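Undergrad: Below are the chains, spelled out letter by letter.
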Amino acid sequence: MAVVRPFDKLPALNSAAVLLVGSDESLQQKLAEAILKEKKNFKISIHLATSLPLPSERDHLRPRIDLIAFMIDIKSKYSLKNVEASLAHVDASFFLGKVCFLVTGVGRVNYCSVEMNAIWKLGEVYCSPVLYCELELEGIRVATAQRLLRMLQICAGHIPGVSALSFGLLMRNSADE
Amino acid sequence: MEPPQREPGAAAAGDAEAGPAAKLDVLTLLRLREQMKQQLMECSATVHASEESYPDHIIEEKLIKTTTEDLEREMEEVKVSFQNKTLVLQRIQLMDALRNKVKQNDDDSRLILETMKHIIMLSTAILESQQQAREMEEKLNDIKKKRLLLKQAGGNKLLQIHTTMKKQKKELASMEVGEMLEKIRNNLQKEKEMTTLIQNIFQNIIIGSRVNWAEDPSLKAIVLQLEKNVSFL
Amino acid sequence: MESEARTLPSAGRLSGAARLSRGPLFGRAHGRFGPGSGGPLPPCSQENADPQKTAFLLRKQWALYSVTPLYKFSSGKLREYARLLGAFIAAERHKGLAVQVGVDLDIQVTFSSLPDLKGSEQDHAAMLVQLSSRSSVSPKNSEEKLMWSGWFCCVSGDDLSENVPEDFTCLPLFLANGAESYVAIVGSWFQKTFDCRFRRLAISPLNLTWMAAMWTGCKVEKNASATELVFSVPCLPQPLDISYAIHPEDAKALWDTVQKTPGEITQEEVDLFMDCLYSHFHRHFKIHLSATKLVKVSTAIASAHCDGIIKFLQSKYLIGVLMLLTELAISQIQ
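Line by line, the protein sequences are chains Z, G and W. All residue numbers for the first sequence refer to UniProt numbering, where the first residue is 1 and numbers rise by one. All residue numbers for the second sequence refer to UniProt numbering, where the first residue is 1 and numbers rise by one. All residue numbers for the third sequence refer to UniProt numbering, where the first residue is 1 and numbers rise by one.
To be clear, the hints were calculated from the coordinates, so they are not data collected in a lab. Among the clues, some could well be false.
Claimed, not checked - Computed cross-link-like contacts, DSBU-like style, restricted to lysine-lysine with a CA-CA straight-line distance of at most 30 angstroms:
{"hint": "1", "chain 1": "Z", "residue 1": "K30", "chain 2": "W", "residue 2": "K286"}
{"hint": "2", "chain 1": "W", "residue 1": "K219", "chain 2": "W", "residue 2": "K95"}
{"hint": "3", "chain 1": "G", "residue 1": "K183", "chain 2": "G", "residue 2": "K228"}
{"hint": "4", "chain 1": "G", "residue 1": "K37", "chain 2": "Z", "residue 2": "K37"}
{"hint": "5", "chain 1": "W", "residue 1": "K316", "chain 2": "Z", "residue 2": "K121"}
{"hint": "6", "chain 1": "Z", "residue 1": "K40", "chain 2": "Z", "residue 2": "K81"}
{"hint": "7", "chain 1": "W", "residue 1": "K316", "chain 2": "W", "residue 2": "K286"}
{"hint": "8", "chain 1": "W", "residue 1": "K293", "chain 2": "Z", "residue 2": "K81"}
{"hint": "9", "chain 1": "W", "residue 1": "K293", "chain 2": "Z", "residue 2": "K121"}
{"hint": "10", "chain 1": "G", "residue 1": "K183", "chain 2": "G", "residue 2": "K166"}
{"hint": "11", "chain 1": "Z", "residue 1": "K81", "chain 2": "W", "residue 2": "K252"}
{"hint": "12", "chain 1": "W", "residue 1": "K72", "chain 2": "Z", "residue 2": "K81"}
{"hint": "13", "chain 1": "W", "residue 1": "K293", "chain 2": "Z", "residue 2": "K30"}
{"hint": "14", "chain 1": "G", "residue 1": "K166", "chain 2": "Z", "residue 2": "K40"}
{"hint": "15", "chain 1": "W", "residue 1": "K252", "chain 2": "W", "residue 2": "K293"}
{"hint": "16", "chain 1": "W", "residue 1": "K260", "chain 2": "W", "residue 2": "K53"}
{"hint": "17", "chain 1": "G", "residue 1": "K37", "chain 2": "Z", "residue 2": "K39"}
{"hint": "18", "chain 1": "G", "residue 1": "K167", "chain 2": "G", "residue 2": "K192"}
{"hint": "19", "chain 1": "Z", "residue 1": "K9", "chain 2": "G", "residue 2": "K62"}
{"hint": "20", "chain 1": "Z", "residue 1": "K121", "chain 2": "W", "residue 2": "K296"}
{"hint": "21", "chain 1": "Z", "residue 1": "K81", "chain 2": "W", "residue 2": "K95"}
{"hint": "22", "chain 1": "Z", "residue 1": "K43", "chain 2": "G", "residue 2": "K37"}
{"hint": "23", "chain 1": "Z", "residue 1": "K81", "chain 2": "W", "residue 2": "K260"}
To be verified - Ranges between beta-carbon positions, derived for each pair:
{"hint": "24", "chain 1": "G", "residue 1": "E34", "chain 2": "W", "residue 2": "K260", "range": "49 to 59 angstroms"}
{"hint": "25", "chain 1": "W", "residue 1": "H247", "chain 2": "Z", "residue 2": "P53", "range": "33 to 43 angstroms"}
{"hint": "26", "chain 1": "G", "residue 1": "M36", "chain 2": "W", "residue 2": "R199", "range": "51 to 61 angstroms"}
{"hint": "27", "chain 1": "G", "residue 1": "T28", "chain 2": "Z", "residue 2": "L10", "range": "52 to 62 angstroms"}
{"hint": "28", "chain 1": "Z", "residue 1": "N41", "chain 2": "G", "residue 2": "L40", "range": "19 to 29 angstroms"}
{"hint": "29", "chain 1": "Z", "residue 1": "V125", "chain 2": "W", "residue 2": "K72", "range": "28 to 38 angstroms"}
{"hint": "30", "chain 1": "W", "residue 1": "P239", "chain 2": "Z", "residue 2": "P53", "range": "48 to 58 angstroms"}
{"hint": "31", "chain 1": "Z", "residue 1": "N41", "chain 2": "G", "residue 2": "I58", "range": "31 to 41 angstroms"}
{"hint": "32", "chain 1": "Z", "residue 1": "P53", "chain 2": "G", "residue 2": "E34", "range": "43 to 53 angstroms"}
{"hint": "33", "chain 1": "W", "residue 1": "G76", "chain 2": "Z", "residue 2": "R108", "range": "49 to 59 angstroms"}
{"hint": "34", "chain 1": "Z", "residue 1": "N41", "chain 2": "W", "residue 2": "K260", "range": "35 to 45 angstroms"}
In this text, all values refer to a predicted model and were calculated from it rather than measured experimentally. All C-beta atoms, glycine included, are put in the ideal place defined by N, C-alpha and C.
Using the sequences plus the hints, can you model the full thing?
TA: Below is the structure:
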């Protein structure tokens, strides 16, 4: 299966799945652990991938992916390229609110290898929110984990009355202002 | 709590249970019901969105466009009639106000009356002038009409002259052609007579030579051909 | 977290937009002084200036600092400033914060102006501060020995100098060569006297790629030294540096194919240039250089380290390099 689709599987009861895509595996691991540490009243499965497409042989074991977070490190241009290449393997309907870009390394402009304008454009082109954070700092990592978790709940349809699309629009409106 | 699942390589389950399954109270069940409703709604929305076909869309769009155009036109008409009505109303109001003023019979009203009289005088003058202008225009038109008629008559006459001239020319030409034809016919007649004469001589020579012309096929063909009367060709 | 996330994108956008395309390398100065449009990379206004006067700036390592505008600075009082700074250094030493313990040296301070280092008319003349030592035992016959030097400059810093109130002097870039302890002392004197602030100016890898591309495109004489890029690999137990040396003519040829409009450089062109180099390296060594951090760029024009250290190698392109550094310093101040 070359393309990940948001609605080709049925949702499992009271559970949600997030897919983290990024080239830095240790940071990914740390973020995943931070998410697992958060208190929650539903089952969560976190899938980590360095790049897309996902291998097709284990597709039947994989639950429905509710949210994809692409991790970009501003210190590494490769991470951006990797994400750009992976985006081609995501179904268009995912971009109706079920994708976000996680930019880490913010606040260390002196180490910047990536043009910020390029990241901002990426968010604009793919109609998806860009979250800026610094995953190497404990406090911000926890806050980011909470944020992602909340988004995941919305994207998985756990919050009655709020869909991923309406949430995404809300975020966009507030960002444009 | 279990470690998260790494996709490309070896994997482990990444599920974190919320609590023991035995703790299913009413609140949790209600929450789950709401969750499932939301998920169902999202799924059905997706299905609906993917079913929606494009031609429908286009037709609908066209319909909306034409309706908006119609409505815009109607709006324009209503606007114009409204404007006219307000104009009429304003005039009526003005007239009414003037009439009331005149009834008061003070200095102002006298002035107004005088002005009105002046206006009436001017208006009649204008009317008269207009009448005159119209009469003159009519006369002018008559003259123009006459000129036009004359012009047409002249044109007709010219055309007649032209056609007569053409006819004459044609007759002249046809006479020349007739003469030539006559000559040609005479020539032809002469030739025909000569041919007949030669035929007869030739025939007599063959018969007189006592050759059995029926034996030689080419001679037979010639003799049989000599029987044809050239003047009937 | 929330507010940070919201303000950051706009900041990124601003700096990104400002850096999308740079004016012609050294061409800004040229456009202002030179007659009409010139060749592809015109040598700057410095050509009519005496290269001897700035020759001592070449082939030395300079640490970069950004300086906020100086309050009530007057270029007519340089002699007085030299005296005051000398007294300040002497006082600091008496306080027990000895600069060089054991050596009893007289420190001589000189301030001088470098009027040639300018990009535009609005720029303030550069200023040089030198500390030299003189043995106190025999002050007459001993040679003066230069210990430390630092200079302030501003090349085409119109963005900043047009927007500061009166009484302020814009010299946003400070370069120092010598012991860092002197930077601290001199810096603190300047901070007290002119109410300004010194900050180390690091050069981000993104800006280093700009430098690599811009300097590659410059004309240099033959048998120039190789263009060298140094990368450091992150997330390893031992530090690992990769050095990538390219023949300058090859690099120039590559850059010439990448650059579309001469006299203007865009971010896309710089990215493409670096991507070409990266993919060449990847074909041979199977290493993604884009995942590493670019730490140093050295060419025949100049060499720059991401920690904020620069070495000028060509007096012809000195003004051009300073222009870029001034831009970086201003963006750090703002």
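Undergrad: Next, verify each hint and record whether it holds.
TA: Each hint, compared with the structure:
Note on K30(Z) and K286(W): the hinted pairing holds, with a Cα-Cα distance of about 27 angstroms set against a maximum of 30 angstroms. Distance check on the hinted pair: K219(W) and K95(W) sit about 52 angstroms apart at the alpha-carbon level, beyond 30 angstroms; violated. A C-alpha spacing of about 25 angstroms is found between K183(G) and K228(G), which places the hinted pair at or below 30 angstroms, so the restraint holds. A distance of roughly 28 angstroms separates the Cα atoms of K37(G) and K37(Z); the hinted pair therefore holds under the 30 angstroms criterion.
For the hint linking K316(W) to K121(Z), the alpha-carbon distance of about 38 angstroms lies beyond 30 angstroms, and the restraint is violated. A distance of roughly 34 angstroms separates the Cα atoms of K40(Z) and K81(Z); the hinted pair therefore is violated under the 30 angstroms criterion. With a CA separation close to 38 angstroms, the supplied pair K316(W) and K286(W) exceeds the 30 angstroms bound. Under the criterion of a C-alpha separation no larger than 30 angstroms, the hint pairing K293(W) with K81(Z) is consistent with the structure, at around 15 angstroms.
For a cut-off of 30 angstroms, the pair hint linking K293(W) to K121(Z) stands: about 23 angstroms separates their Cα positions. At roughly 26 angstroms between alpha-carbon atoms, K183(G) and K166(G) fall within 30 angstroms of each other, so this suggested pair holds. With a C-alpha separation of about 25 angstroms, the suggested pairing of K81(Z) with K252(W) holds against the 30 angstroms cut-off. At most 30 angstroms may separate the alpha-carbon atoms for a hinted pair to count; K72(W) and K81(Z) exceed this at roughly 49 angstroms.
Of the pairs offered as hints, the one joining K293(W) and K30(Z) holds, with about 22 angstroms between alpha carbons and a cut-off of 30 angstroms not exceeded. Distance hint between K166(G) and K40(Z) is unfulfilled; the C-alpha atoms sit about 113 angstroms from each other, more than 30 angstroms. For the given pair, K252(W) sits about 23 angstroms from K293(W) by alpha-carbon distance, which is consistent with the 30 angstroms threshold. Between K260(W) and K53(W), the direct Cα distance comes to roughly 36 angstroms. Violation of the 30 angstroms bound is thereby established for this hinted pair.
Annotation: proposed proximity of K37(G) to K39(Z) holds, straight-line Cα distance about 24 angstroms (limit 30 angstroms). Restraint check for K167(G) and K192(G): the C-alpha separation of about 36 angstroms exceeds 30 angstroms, so the hint is violated. For the proposed pair K9(Z) and K62(G), the alpha carbon gap of about 37 angstroms is over 30 angstroms, so the pair is violated. Of the pairs offered as hints, the one joining K121(Z) and K296(W) holds, with about 28 angstroms between alpha carbons and a cut-off of 30 angstroms not exceeded.
A hinted pair counts as satisfied when its Cα atoms are at most 30 angstroms apart, and K81(Z) with K95(W) does not qualify at roughly 56 angstroms. For a cut-off of 30 angstroms, the pair hint linking K43(Z) to K37(G) stands: about 18 angstroms separates their Cα positions. The suggested pairing of K81(Z) with K260(W) holds, with an alpha-carbon distance near 23 angstroms, which does not exceed 30 angstroms. At about 58 angstroms, the CB distance of E34(G) to K260(W) agrees with the hint of 49 to 59 angstroms.
Taking the beta carbon of each, H247(W) and P53(Z) are about 40 angstroms apart, inside 33 to 43 angstroms as hinted. Range check, M36(G) to R199(W): Cβ separation about 57 angstroms, and the 51 to 61 angstroms hint holds. Taking 52 to 62 angstroms as the suggested C-beta distance range, the pair T28(G) and L10(Z) does not conform, at roughly 20 angstroms. At about 20 angstroms, the beta-carbon gap between N41(Z) and L40(G) stays in the expected band of 19 to 29 angstroms.
Between V125(Z) and K72(W), the C-beta spacing of about 50 angstroms breaks the proposed range 28 to 38 angstroms. The beta-carbon spacing between P239(W) and P53(Z), approximately 35 angstroms, falls outside the hinted interval of 48 to 58 angstroms. For the pair N41(Z) and I58(G), the beta carbons lie near 47 angstroms from each other, so the given range of 31 to 41 angstroms is not met. At roughly 34 angstroms, the beta-carbon separation of P53(Z) and E34(G) lies outside the given 43 to 53 angstroms, and the hint is violated.
As the Cβ distance of G76(W) to R108(Z) is approximately 42 angstroms, the hint placing it in 49 to 59 angstroms is violated. Evaluation of the 35 to 45 angstroms hint for N41(Z) and K260(W) yields a failure: the beta carbon distance comes to about 57 angstroms.
Comparing the model with each numbered hint stated earlier shows that hints 2, 5, 6, 7, 12, 14, 16, 18, 19, 21, 27, 29, 30, 31, 32, 33 and 34 do not hold.
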